[in-house]
Amino acid sequence: MSAGESFWSKAWRKFLGDRFGLASAGIVLGYFVIALGVWLDLWGQQWSTLTSGSNLPMSSAHWFGTNLSGQDIFDRAIYSTKTAFEIGLSVAVLSTILGAILGAISGFFAGRWSDEVILWLMGTLDSIPFYLFVAAVAFALQGHPLAMHAAMIATFWTTTARVVRGEVMKLKELEFIEAARAIGVPQHLIIFRHILPNTSHLLLVQATIVFVSAIKSEVILSFLGLGVQDGVSWGLMIAESTQEVIVGQFKNFFAASGMLFVLVMAFNLFSDALQDALDPKKVH
Amino acid sequence: SKGSDQPATNADGEAIKVYRHSMDGAPTNLDPLHSATVYANFLVLNTYDTLYSYKYLTRPYALKPNLAAAMPEISDDGLSYTIRIKPGVRFVDDPAFENGQGRELVAADVAYSLKRHFDPSNRSQGSWLWAGRIKGLDQWGQDGADYNEDVEGLEVVDDHTLAIHLTKPYPQLTYTLAMGFAGVVPHEAVDKYGRELSIRPVGSGPFRMAKFDTAKAVLEANPHFRQEPIDLAAEGFDPAIHGGLGLEAIEGRSPPFIDRLEIDFILETAARWNSFTKGNEIQFTSVPVEQTDTVLDSRDPIKLKPDWTERYHSTTGVEAGFVFTSLNMDKPYLGHNDDPQQDARNRELRCAMRDAMDWSARNNRFYSGIGVVFPGIVPPAASDLHSKLPQDSISRNLERARTRLEKAGWTQDNLPTLEYGFQNSVTSRQLFEQFRGFMADIGYPSSKIKPVSFATFGDYNKAIKTSQLDVIPMGWGLDYPDSENTLQLFYGPNHTPGSNNSNYNNPAFDALFEKTAVMQPGPEREKLYLDMSQMVLDDCVTISGLSRNRIYLWHKDVIGLPNREILGGFWLRYVDIKNADEQTAPAS
Amino acid sequence: MLQYTLKKLLAGLPLILGVTFISFVLMVYFGPDKTYELAGKNPTEEQIAQIRADLGYDQPFFKRYTTYVIELATLNFGHSDSTGERVTRLLGRTIPISLALTLPGFVLGNVIGILLALLAAYYRSTWIDKSIMTFAVVGMSVSFLIIIIGFQVMFSSAYGLNMFPVRGWSMDTLGEYLYYVTVPTLAIVFVSLGYNTRFYRAVIVEELGKDHIRTARAYGASARSILLKRVLKNSMIPIITRIMFSIPLVVISGSLLIESYFGIPGVGKVTYDAITTGDQPVLKAVVGATAVLFVVVLIVTDVLYRLFDPRVELK
Amino acid sequence: MSEPLLKVRDLQVEFHTDKGVARALDGISFDVMPGETLGIVGESGCGKSVTSLAILGLIPSPPGRIVGGQILFQGQDLLSLSEREMRKVRGRDIAMIFQEPMTALDPVFTIATQMGEVLRRHQGLTRKQARQSAIDWLARVGIPSPERRIDDYPHQLSGGMRQRVMIAMALSCEPKLIIADEPTTALDVTIQAQVLEQIVKLSQDLGTAMMLITHDLGVVAQTCHRACVMYCGKLIEQSATGPLFAAPAHPYTAGLLASVPRIRTQRLDSLPTIAGTVPDLLHLPRGCRFVERCGQAIDLCHSAHPPLQGDEHSGHELACYNPVQGEVR
Amino acid sequence: MLKVTRLSKHFHIGGNLLGRGKSTLRAVHDVSFEVAAGQTLGLVGESGCGKSTLGRAVLRLHEPTSGTVELDGRPVTGIDAKALHARRREMQIIFQDPYASLNPRRTILDTLMEPLDLHNIGAPSERRARVEKLIEIVGLRKQALSRYPHEFSGGQRQRIGIARALTLQPKFIVADEAVSALDVSVQAQVLNLIRELQDEFGIAFLFISHDLAVVQHISHQVGVMYLGQMVELAEAETLFAQPRHPYTRALMSAVPVPDPHTESQRIVLSGDVPSPLSPPSGCPFHTRCPDAMPRCKEQEPDNHNCGTPEQAHWVRCHLYAPEQVGLHNTQDARA
Ligand SMILES: Nc1ncnc2c1ncn2[C@@H]1O[C@H](COP(=O)(O)OP(=O)(O)OP(=O)(O)O)[C@@H](O)[C@H]1O
Ligand SMILES: Nc1ncnc2c1ncn2[C@@H]1O[C@H](COP(=O)(O)OP(=O)(O)OP(=O)(O)O)[C@@H](O)[C@H]1O
Ligand SMILES: [Mg+2]
Ligand SMILES: [Mg+2]
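Sequence order for the protein chains is A, B, C, D and E.
Letter by letter, the first sequence follows residues 1063 to 1346 in this note's numbering.
Letter by letter, the second sequence follows residues 2 to 589 in this note's numbering.
Letter by letter, the third sequence follows residues 5 to 319 in this note's numbering.
Letter by letter, the fourth sequence follows residues 2 to 330 in this note's numbering.
Letter by letter, the fifth sequence follows residues -8 to 326 in this note's numbering.
Simulated from the structure, these hints should not be mistaken for laboratory data.
Note that this is a predicted model, so its numbers are computed, not measured.
Idealized CB from N, CA, C, for every residue including glycine.
Hints may contain errors.
To be verified - Pairs of lysine-lysine, DSBU-like flavour, derived with a Cα cap of 30 angstroms:
1. B/K451 to B/K466
2. D/K8 to D/K89
3. C/K45 to B/K389
4. B/K18 to B/K408
5. A/K1234 to C/K12
6. D/K8 to C/K237
7. B/K169 to B/K466
8. B/K557 to B/K65
9. E/K133 to D/K20
10. A/K1234 to C/K67
11. B/K169 to C/K45
12. C/K214 to C/K12
13. C/K45 to B/K466
14. B/K466 to C/K67
15. B/K528 to C/K237
16. C/K214 to A/K1234
17. C/K134 to D/K8
18. E/K133 to E/K73
19. D/K20 to E/K124
What the hints assert, rightly or not - Here are the in silico distance ranges between beta carbons for each label pair:
20. B/S388 to A/L1098: 29 to 37 angstroms
21. A/S1121 to B/P446: 41 to 49 angstroms
22. B/M475 to A/L1098: 54 to 62 angstroms
23. D/K129 to C/K134: 41 to 49 angstroms
24. B/D344 to A/S1121: 44 to 52 angstroms
25. B/M475 to A/E1178: 49 to 57 angstroms
26. A/G1079 to D/R10: 51 to 59 angstroms
27. A/G1088 to D/P273: 41 to 49 angstroms
28. E/G64 to D/Q297: 49 to 57 angstroms
29. B/P88 to C/M167: 34 to 42 angstroms
30. B/S361 to A/Q1108: 57 to 65 angstroms
31. B/P446 to C/M167: 21 to 29 angstroms
32. D/G243 to E/A27: 38 to 46 angstroms
33. B/T467 to A/Q1108: 45 to 53 angstroms
Unchecked claim - Which chain B residues face chain A? A few, computed with CB under 8 angstroms, are given here:
34. H161
35. P172
36. E249
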């Protein structure tokens, strides 16, 4: 047995020991496999096909029944998993990374020009109404399939960055940062190795929030013609179902909300478990 | 106003009559120049006066004099209309006028109001109705729109007589004078409020605007509105049809009968339904598609469940308009092609697509199964042309479609990729998916029908008007009950950016259109209309059509017969509320 | 103070210019085109050209931008292209309504969120924590639309409690205000609570582990005083950040969904309509106002940071 | 003899680590008499701070846990008290001076707030009185211009000042027992003397007892009545200060005393030390925990840990099978 | 090797939100000294007198307000960040508060490996062994490497801090209360270790401590600070044998002796401890000085050498001004 372990390997081992964390990671992974299957054309391809009957109850042919147009709800829910991953995960991960890096730089150099520039950028992005911004980006990218992702990342990172910035401004005054400087750790490593891990609790929770917000914003953007151009998403399904639930048809709603809920829940548990794993003071 | 249980009162604490109407959309601009939407028209017709209007209850729609004293006197050549205006009609009191008191409305005001449409700085949305028709009017606009200058075609004979001189016969002219676009505006108001006239109408209508925002409009009765006792028989009252609504109570009384008219703009069906069924909020709603099963006992004939008829008054109304899906004839791979052979192949493709359309599925899915599917391009509300056309254009025939494709040599591989455009919404997306599903049934690969969605109507319209899309789902609301109003949608010179969105270009059709345009109504013209319809059908230009049928519900204490077509908001002046003692409490 | 504020405001000018410039580029080059919405049913090429000229679309970019900056400086944005109303009047009329509408929910959502987060963090890993967090996740996962509709049915409709109005708005008396604002507020609180609780808990858990909390306990501080005083003040930086930077959005953007479902004439709908119809005068004003507000928020946040954490220095 | 103020019996504390359970305290027993100053010395990491935290019920849990024993304060078992009851004891009856003053003080509140809060809670003073009282206490522990320093935040103070703030805070509660965990490590000798004098004076005036944890045997010699020596989670020797310093019986105690640096006239090349290192808590030797470093271990020492056995008469207690005989010095 | 010339560090503290009403705190004022390779300068003085600040300023962890620092003949002050970074390897600090100076989210292994990785010292495979050795040198087990700072006792943390400073084998180390939290036996081990390292590698130490015995043991020279100034600086033996400055003498007398039977005869300093925020005029010590003279109140004393030119013994006190020599002798006699 080796005598010492680093923070990361300890965290990893701790995570492996967390049953809830593992289970939730398993669920997220399961969703990912579903999404992968859609990418690889293994399933979920019938999401748009009209079957013979509209609003059919659950059956072996249609696990969740069909919707008013006669489309298979299960297939739609499955296909939406792909959409959710493309949007939720990519936006959550990328905007968190961007937010962490820029926020840390801005907080570390608070008051200096790099901070000013980043603050300026954040202020600018935040001041422009979200929809206008997304519409413009979509237009600028000529309806590129990733336009929505780009726009969401560009708008969502600022919150993370601001939160990180505030925290970094506090952390950088602590003595252990001074200690790091004393042994000659260069600034970029101070930021990334010493300061950012101490904001991991914020990053994780922000990533979770962004993940959910992205999935939810997608539907609004889809309304505006900026979301998924051709395809379906849980958000769209829920939007479709708002008219149905009033008259007591819940299949669409439950299929989409249920899948969304389980994923969000699992993702939350997963990020909680990560937070625990990354928190040295927390021992099971 | 607190929508609570106490009856509404005025400033003096006296009980007043309030009617709370609802609409599924909001108007933005209340200047008659811009009353282009159903919603704007609703308010404009209640705040401004038009020369003519439609009879309250007569169907098919029939005109009657409104501000005019009588129907116009038309010269034999059909080029001159002499219109006499009722004396003593006053604009509402408004700070725009001297002393704040509304002055009398005169013929010059009518001329002025029509002129405004041709003032280029006004960006009128209704000028196309009269463009090129009234002598000297277009020129007046191009010459700088000097209001002091007279226009030959708008001759103010005296204060109460206006003569309109046309460049060519325009049988629909009287109809246009009943539209919100023709609302009479006093120049004082324009001078004072400028562009903000759009939010504070100053007219001579039965109501005056008290409050207007994105959520609702509050109108108050115009105390000076001219006294015109209503003659129910003349308005088309038929006890067999209209009995039981309590309309008899308004006989011989002068509208408006209510003190306040509130119109809530509610786009969300759930909210509208909750507000309506609540009992003390809006008193009128159209039944949302998803609630159809809740209220209907049978669809054919349309019959409400007893507990609903017990609680509410109801009526159904087929829209004066229709929905259809046009194919862009500009595209050489889908529409007109100089190569006759390809042209023929394209026609087969279009016809096959039309054959694939499952109107009954569409009707059931999106229009509660009560929409009226008809062949051709003239909706039932305008004429009964459709009954004379063959049914095959609206009956699904996959066999025939496949044969067509096969014969014309279309295969999955060489079928063109089509762009299907829509302004994004849940429903339009579902419509698209269904359309694509229909096409899949004749072997049209789903990947070859691409959705192109637009965030705004402006962008969608731009794509249409610049002829970018291949498949164009459309809806058209009639401006007046004349087939001409929809036939012009296929008139060659009207190609985009005009109203001919499918860019149909058929010289034979155009010739007939030009011919009929100056014809007075009659069987002869009807025959030609039929021929024109048949041409469009034969060329498979569009997949048409369905007129939506709406079920309206209103509270029992409201006396009236709602209608949102042609008539626009005109009927609201006839609405009355039963006094508290006459009311039977609405079941909750 | 004045000097500092002025200095900061001056430093905010580049931000305002940047925001306006970028958003202007977005609006002009990539924004929606209003021409074809204003065109009648059967327009001609000339009419379309005329509309473009009227809207100023045919002007060179630089000229249009200069006009914008001048408009911003004089606070005169002209008339809405859609309704024709003066933009300043339009915003002046709708912003207070949206503010009155969203503020209670915003405040409650944050206050309750913080309280729940304190509870959850204090009882970390116990069932209290777990139930609060489950509730938060439910709040996060359910669509806002469903919540609004659900609340409307539950509280306002004849199918539910029927205690509140489905639609309407009035601020004439406090009673009326409460009557109309309650259900929207509940919906806002419910939705924001999930996110807020989740976020604040993460922050607070971190602070609760600090040594000085142990000191406080060693000197007999009650759980309440530890949570509400010590932990809260120590967690203030992320909390302030989160709250402050949502203020411009709360003030200017309102809430489209709430406004349309509850029939409230606020700025949310106005902004939304402006975006979806390309109503540039309104957009210009909204963007400008947001930018200005952001500058103010930036300054206030800096001061607040300093106020709550003495280690942060004002530059 | 009067009843002890604090009676710790067979206290056992464990920490869960990801490598296993570490028993940081393994059956510690000692008494503190009213007004008495008890010194606790021992190898760094032997569990002194853990003992004091355990008395106040502040062992971080998880990972820590008190697995056995009793802590009787004025006859009442603190371990059986609820959190609410315990809160009344903390600060008012027992006050603690923490080892690391930097992290022990709240960075976002001024000294005035932090001390004032304690004073108001335990002494029932008004805000103004509390502030005045806090200033007085700061002055007594030798902080220059306390009326200005009181409005500083912890990061603006030097290490010694922070420590004095902690001390002042503990003293200001006028508790029955002060647990001082290395209270003077960051203080220079003059201040240290001054502060110790204050503490002694307080204990005389108010009869305050004190548990003084320190490495400075000089301080123990001058201020403590009795001293306990701990080694690796065990108490190994306990006695009145005089005899302990004069005749340490445990080899560890003896080694410790020998290692003390003194101001000498002749500079030594190297100081005498105890060879070896403390065993890891997870890998303890089977017998006496000191056995590996002990110069005079016998076979028995390798197989069993010697129990702490006392001499009723002298009050001297020792856990060693083969104690040092006679004077070392 | 280390040459510090007229170093000052002033803080601006207090003031309202906007910094109005700030006052200047002279934490270190006009301090000069030299330390040769393999030598230790012990630094003692009242708490808050500026020892830590001096240590940090020398390493440029605090940017000095004025003055210069040279290490190995090359300047440390006035060089840019990049150059400074390169020189960090040569000089290290052991922090006074070990807990605060350890990153709570890094295991001890992370903390100790970092300097090695950073400065690319030794083959990557050897580094681990080196760290393990080091941790045992400071009296911890290598099992400790995988633990986090909060899992240690105060003394253990302090040893981690020492180990960290030693990893790089710098030329110069500031040891700020490096052994204060250690029990005497470990302390002795560490002190011995320092001596060994010094002999072996010629490391120079600036050794800050309150424990005069320790200082005496470890130092070649000793400096005494009072209120930001170096009031006395001499060879350790000389200073302990013959403390000159009145403050030094008071200090010496207060040392507790680990023998309960010896009664200490300490010189009790009367008078208020002055604040560095408003240092008294003249000699900063005059408010508490048992030997204060009228001129002490008015005139700031200079450094006077009362040793030999080779064996300097600097004292900053009017008593040792050349014109006071007569008086000086009497003082000496009395001590
Ligand atoms: N960052 C800072 N801001 C303001 N004042 C400071 C700062 N750091 C230290 N000081 C002040 O400078 C003076 C000297 O502090 P320093 O920490 O150097 O003292 P010290 O001699 O190390 O004392 P101790 O022995 O108690 O650690 C003190 O009055 C302290 O309050
Ligand atoms: N949270 C923790 N997790 C694991 N082990 C811990 C924890 N806290 C303390 N320990 C261990 O418990 C033992 C006793 O620690 P304690 O702090 O009581 O030592 P101490 O006697 O106060 O030492 P020092 O004089 O150095 O402060 C140490 O070996 C330490 O490593
Ligand atoms: Mg300790
Ligand atoms: Mg110090």
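The hints, checked one at a time:
A C-alpha spacing of about 19 angstroms is found between B/K451 and B/K466, which places the hinted pair at or below 30 angstroms, so the restraint holds. Between D/K8 and D/K89 the CA atoms are separated by roughly 19 angstroms; this keeps the pair inside 30 angstroms, and the hint holds. As the CA atoms of C/K45 and B/K389 are separated by approximately 28 angstroms, the hinted pair is consistent with the 30 angstroms bound. This hinted pair does not check out: B/K18 and B/K408 have alpha carbons roughly 67 angstroms apart, beyond 30 angstroms.
A hinted pair counts as satisfied when its Cα atoms are at most 30 angstroms apart, and A/K1234 with C/K12 qualifies at roughly 24 angstroms. As the CA atoms of D/K8 and C/K237 are separated by approximately 38 angstroms, the hinted pair breaks the 30 angstroms bound. Between B/K169 and B/K466 the alpha-carbon distance is near 28 angstroms, which keeps this suggested pair within the 30 angstroms criterion. At most 30 angstroms may separate the alpha-carbon atoms for a hinted pair to count; B/K557 and B/K65 meet this at roughly 29 angstroms.
For the suggested pair E/K133 and D/K20, the alpha carbons sit about 13 angstroms apart, so the restraint of at most 30 angstroms is met. Proximity of A/K1234 to C/K67 is assessed by CA-CA distance (about 46 angstroms); at most 30 angstroms being required, the pair is judged violated. Proposed proximity of B/K169 and C/K45 is supported: the alpha carbons are some 22 angstroms apart, at most 30 angstroms. Of the pairs offered as hints, the one joining C/K214 and C/K12 is violated, with about 34 angstroms between alpha carbons and a cut-off of 30 angstroms exceeded.
For the hint pairing C/K45 with B/K466, the CA-to-CA distance comes to about 11 angstroms; that is within 30 angstroms, so the pair holds. About 28 angstroms separates the Cα atoms of B/K466 and C/K67, which keeps this hinted pair within 30 angstroms; it holds. Under the criterion of a C-alpha separation no larger than 30 angstroms, the hint pairing B/K528 with C/K237 is inconsistent with the structure, at around 84 angstroms. Using a Cα cut-off of 30 angstroms, the hinted pair C/K214 and A/K1234 holds, with the two alpha carbons roughly 17 angstroms apart.
For a cut-off of 30 angstroms, the pair hint linking C/K134 to D/K8 is broken: about 39 angstroms separates their Cα positions. Taken as a hint, the E/K133 and E/K73 pair is broken in the structure, with Cα atoms around 34 angstroms apart against an allowance of 30 angstroms. About 21 angstroms separates the Cα atoms of D/K20 and E/K124, which keeps this hinted pair within 30 angstroms; it holds. In this structure the supplied range 29 to 37 angstroms is violated for B/S388 paired with A/L1098, their Cβ-Cβ distance being about 56 angstroms.
For the pair A/S1121 and B/P446, the supplied restraint of 41 to 49 angstroms is violated, since their beta-carbon distance comes to about 28 angstroms. For B/M475 and A/L1098, the Cβ-Cβ distance of about 40 angstroms falls outside the hinted range of 54 to 62 angstroms, so the restraint is violated. Take D/K129 and C/K134: their Cβ atoms lie about 45 angstroms apart, and the range 41 to 49 angstroms holds. The hinted range of 44 to 52 angstroms is satisfied by B/D344 and A/S1121, whose Cβ atoms lie roughly 47 angstroms apart.
A hinted range of 49 to 57 angstroms holds for the C-beta pair B/M475 and A/E1178, which are about 52 angstroms apart. One distance hint, 51 to 59 angstroms for the beta-carbon pair A/G1079 and D/R10, is violated here, with the actual separation near 35 angstroms. Checking the proposed 41 to 49 angstroms range against A/G1088 and D/P273 shows it is violated: the Cβ atoms sit about 60 angstroms from each other. Separation of E/G64 from D/Q297 is about 52 angstroms and conforms to the stated range, judged on CB atoms against 49 to 57 angstroms.
Remark: the range hint 34 to 42 angstroms for B/P88 to C/M167 is contradicted by a beta-carbon distance near 54 angstroms. Hint check: B/S361 to A/Q1108, Cβ distance near 23 angstroms, so the stated range 57 to 65 angstroms is violated. With their beta carbons about 54 angstroms apart, B/P446 and C/M167 fall outside the hinted range of 21 to 29 angstroms. The supplied range of 38 to 46 angstroms is met by D/G243 and E/A27, whose beta-carbon atoms lie about 44 angstroms from each other.
Between B/T467 and A/Q1108 the CB atoms are about 35 angstroms apart, so this pair departs from the stated range of 45 to 53 angstroms. The closest approach between the C-beta of B/H161 and any C-beta of chain A is roughly 52 angstroms, which is over the 8 angstroms cut-off, so the hint fails. At about 41 angstroms, the closest approach between the beta carbon of B/P172 and any beta carbon in chain A exceeds 8 angstroms, and the interface hint on this residue is violated. The interface hint given for B/E249 is broken, as the beta carbon of that residue sits about 36 angstroms from the closest beta carbon of chain A, more than 8 angstroms.
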